[in-house]
Amino acid sequence: MDHTKTFFLDGQEIPFKEGQTVFDAAMTAGVYIPHLCHNPDYEPHSSCRLCTVIVNGRPFAACTQPAVAGQMIQNDTPELREMRRTLTQMLFVEGNHYCPACEKSGHCKLQATAYDLGLQDNHFPQFFPKREVDATHPDFVLDRDRCILCGHCVRVSRDVDRKCVFAMTHRGIKTEIVVDSPTGLLKDSQLTVEDEAANVCPVGALMLKRKGFQVPIGERPYDQAPIRVDSVKNFKVREERRHG
Amino acid sequence: MPQATAAPVQEALLPILQRFDTDSQNLLQILVEIQHALHCVPPEAVDLVAAHLGATRAHVRGVVGFYSFLSDHYLGDYVIHLSDNVTDRMLGNRELAEYLCSRLGVKLGKVRADGRASVNFTSCTGMCDQGPAALVNGLAVTRLSRERIDRMVELITARTPVSAWPAEFFEVEDNFRRSDVLFRRPFEPGAAIQAAMLRGGDETLKDIQLEEAVDPASGTLWKRGADETLKELYRSDLRGRGGAGFKAAIKWETCRDTAGGERYVVCNADEGEPGTFKDRVLLHTYADMVFEGMTVCGYVVGSGLGILYIRQEYWYLKPHLEAVLARRREAGLLGGNILGTGFAFDIDLHWGAGAYICGMESAMIESIEGKRGKPRKRWPLPVVAGVRKCPTVVNNVETFAAAGMIALKGGAWFAAHGTMHSTGTKLFCVSGDCERPGIYEYPFGVSVREILRDCGGSEAQAVQVSGPSGTTITRSEFDRVLAYEDLSSVGTMMVFGPGRDMFEVVENFSHFFQHESCGLCTPCRVGTSLLVNLVDKVARGKGSPMDLDEIQKLSHIMKTTAHCGLGQTAPNHLLDSLLKFRPVWDARMMTTEFEPAFDLDEALEEARQLSGRDDAGAHL
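Protein sequence lines correspond, in order, to chains A and B. Going by the numbering used here, the first sequence wraps up at 244, each residue one higher than the last. Going by the numbering used here, the second sequence wraps up at 1620, each residue one higher than the last.
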């Protein structure tokens, strides 16, 4: 191992390539860092803050933090697990996430991350927001109450599909998804099932219609393997695909 | 002003759109103009603007939704925003708001049915030394009183245009109470630029006309002047006056040395920190000094364009600032051939639209690019990739003013004032319970006690230093000094007299941060709301010691994980208050260890409304 190109993550020496982030280097080495707003296929966004790690004593988001030789980084510590649990609880209470009735259950990164972090309850009182549900599109339902504002649909529709179907509006706790169309409704937008943005939502906010129970409960991805295993496996597959 | 309908919208919009080209960076500036013209950005305007700029409607809606002063619905012929800083509250703005609403027959936050007027609260408008303050159709009104409100209501009833309202309503005093070495004497426009260009030459050169001395083709003296001025800035050890205290010379040098075509000089006049109003005074009375500092910066880093990003609350300064810029262009101090040397630099005004977050460097750059003011990823830094991804210097108004004087008088002169690690002087904005609120210039190292004595506030029980995001200081700490070595500060001092209930301060501040969170990151977006819920619960007398533990825990998480300074500093005032003013919290506690936030009787309200009952039996 070339020690001029490694850092230490919870004591484990991790190699990295020039320009790689702490997140990418860790995942390449098979070490899971919890995350929700980041998808390694797209530009990082550093908004959910679940991937916060302590680099040489200071907190940074691993998904945007460049790896530097010799960094001493904490990731899987009781303090960070506790913070990530709280951040996840925050996401649960600001929206309406009713897993037992949600078709996304078992595919949902929020739910899977909550299990991984050992979330027992929401802890905080629910906010019960009343955001608009848009079921006007023949193929999609947009339930803004299930949105965690990760911005995947915004970025992918803009950068990959080149359609800019989604944007954010308002701010703070009132932030929500807005749809690009003359009426503001999904049915009048350019979104189609072929779009990459159609399948990128990590939670149950943007879902395809008529797909209910196609995969039975118990056979869904996170029923098979916890997110930390699934996530690292997918990352490896992706790396191999990219670099042959 | 008539209610906006489709045809007038187009009519009103065309002249605005004609003034801006189709660069999408103009979006926010166009929307600001539309809001002023129509008192809203109606759907038809969204369509027209999106078409003009080739932007999506969703993007335009997203920007309208982000900024407080932009509205997707008509706000009335007379749009009244009442400043709601804690200092305004201490001057009775809540009672005045109630009085104004009842006189106008309007509900707070709603537009009167006939579309005549609306009344809303807004974050601090920067008039804390002469509050209670308001904005009427975007123009600052100071010293509100019942009498003034009576007159306003008469004028509104008579449909008198705001341009014909008594001038005294809009009088804004400088209240510059103490000046030190930086702001003592009048500033001669052009002197600092000339000094910068000639710096490093021998004494005889100073008698030569600049156009003879500077050869833009060979660039010898040109470059020497810039290099020598940068050295002076290093010698001065000037640190950014926006609060963070980053050394200006390092920023300027990094910008100069970063590869990239264009370079930008951005002056941060967003001053959203409640209780801060020094930019207002500097841009009113020392605008030349500020513009001169920006121009010197442009000269040093090799930039051709400066941008003054100024908060919407100071819209009333627009004619003044445009006049100063025009005068400087005429005098050859801006434009294509500054002082005849061939150096080209100009300054644009960019207006904010009501968002505290835009005072944060990278959020401001997003806003300059016409977008939602959300902070960028941490890397690369704006000095490397800022406006249009080009190297960009962002400095505070006061920093540029000081830099101009350093170019003129040298770094050693500046460094002779202040303390070892905090050179020079600093402006302090003093407001609240004191006899002489206003602007005070002191060398760094001045104690809180000295400022309190000078402003007539020695009786204070507490001072909020550097705004809600700063530090709460109690009597036992009044000998602490204002300098980066001890209390670093943007220059805000809000004074709380002995009779004040310090709990009302945290109520005001926590709501402020909730309102101003940009919503990007989880800890700030949700955390500021959770904190408000906890503070409000305590305010209702339902608090328990567990809630206070919860506030501390949440604060720790926000400070550790929030994306930017807003979320990281938003809990400071709560932690300070819990540490230093615990009795005001304890006095509001219910005695038990835990009280649920859930109120069973309140939860029955919906059922009572549905059943049309309100008798005793319908209550618990």
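For the record, the hints were derived by calculation from the structure and aren't laboratory data. Please note: incorrect hints may appear among the correct ones.
[What the hints assert, rightly or not] Facing chain B, from chain A, some residues (calculated, C-beta under 10 Å):
id : residue
1  : S47
2  : F60
3  : T77
4  : P78
5  : E79
6  : Q120
7  : F124
8  : V141
9  : D143
10 : M168
11 : T169
12 : T192
13 : V193
[Claimed, not checked] With the Cβ distance kept under 10 Å, some of the chain A side facing chain B (calculated, not the full set):
id : residue
14 : L50
15 : T64
16 : K163
17 : H170
[As the list claims (entries may be wrong)] With beta-carbon atoms standing in for the labels, derived distance ranges:
id : chain 1 : residue 1 : chain 2 : residue 2 : range
18 : B       : D1586     : A       : D121      : 43 to 49 Å
19 : B       : G1304     : A       : N234      : 31 to 37 Å
20 : B       : D1072     : A       : F128      : 51 to 57 Å
21 : B       : A1158     : A       : V193      : 56 to 62 Å
22 : B       : A1344     : A       : P129      : 47 to 53 Å
23 : A       : D121      : B       : R1436     : 36 to 42 Å
24 : A       : F128      : B       : R1103     : 33 to 39 Å
25 : A       : N199      : B       : Q1461     : 54 to 60 Å
26 : B       : L1604     : A       : K187      : 17 to 23 Å
27 : B       : G1302     : A       : N56       : 51 to 57 Å
The structure displayed is predicted, hence computed values, not measured ones. Yeah, the Cβ is synthetic: ideal placement off N, Cα and C, and Gly gets one too.
Comparing the hints with the structure gives:
no., hint, result
1, S47, "5 Å, holds"
2, F60, "7 Å, holds"
3, T77, "12 Å, violated"
4, P78, "14 Å, violated"
5, E79, "9 Å, holds"
6, Q120, "16 Å, violated"
7, F124, "6 Å, holds"
8, V141, "18 Å, violated"
9, D143, "18 Å, violated"
10, M168, "5 Å, holds"
11, T169, "3 Å, holds"
12, T192, "16 Å, violated"
13, V193, "20 Å, violated"
14, L50, "8 Å, holds"
15, T64, "5 Å, holds"
16, K163, "9 Å, holds"
17, H170, "4 Å, holds"
18, B:D1586 / A:D121: 43 to 49 Å, "28 Å, violated"
19, B:G1304 / A:N234: 31 to 37 Å, "48 Å, violated"
20, B:D1072 / A:F128: 51 to 57 Å, "24 Å, violated"
21, B:A1158 / A:V193: 56 to 62 Å, "60 Å, holds"
22, B:A1344 / A:P129: 47 to 53 Å, "52 Å, holds"
23, A:D121 / B:R1436: 36 to 42 Å, "54 Å, violated"
24, A:F128 / B:R1103: 33 to 39 Å, "36 Å, holds"
25, A:N199 / B:Q1461: 54 to 60 Å, "59 Å, holds"
26, B:L1604 / A:K187: 17 to 23 Å, "39 Å, violated"
27, B:G1302 / A:N56: 51 to 57 Å, "34 Å, violated"
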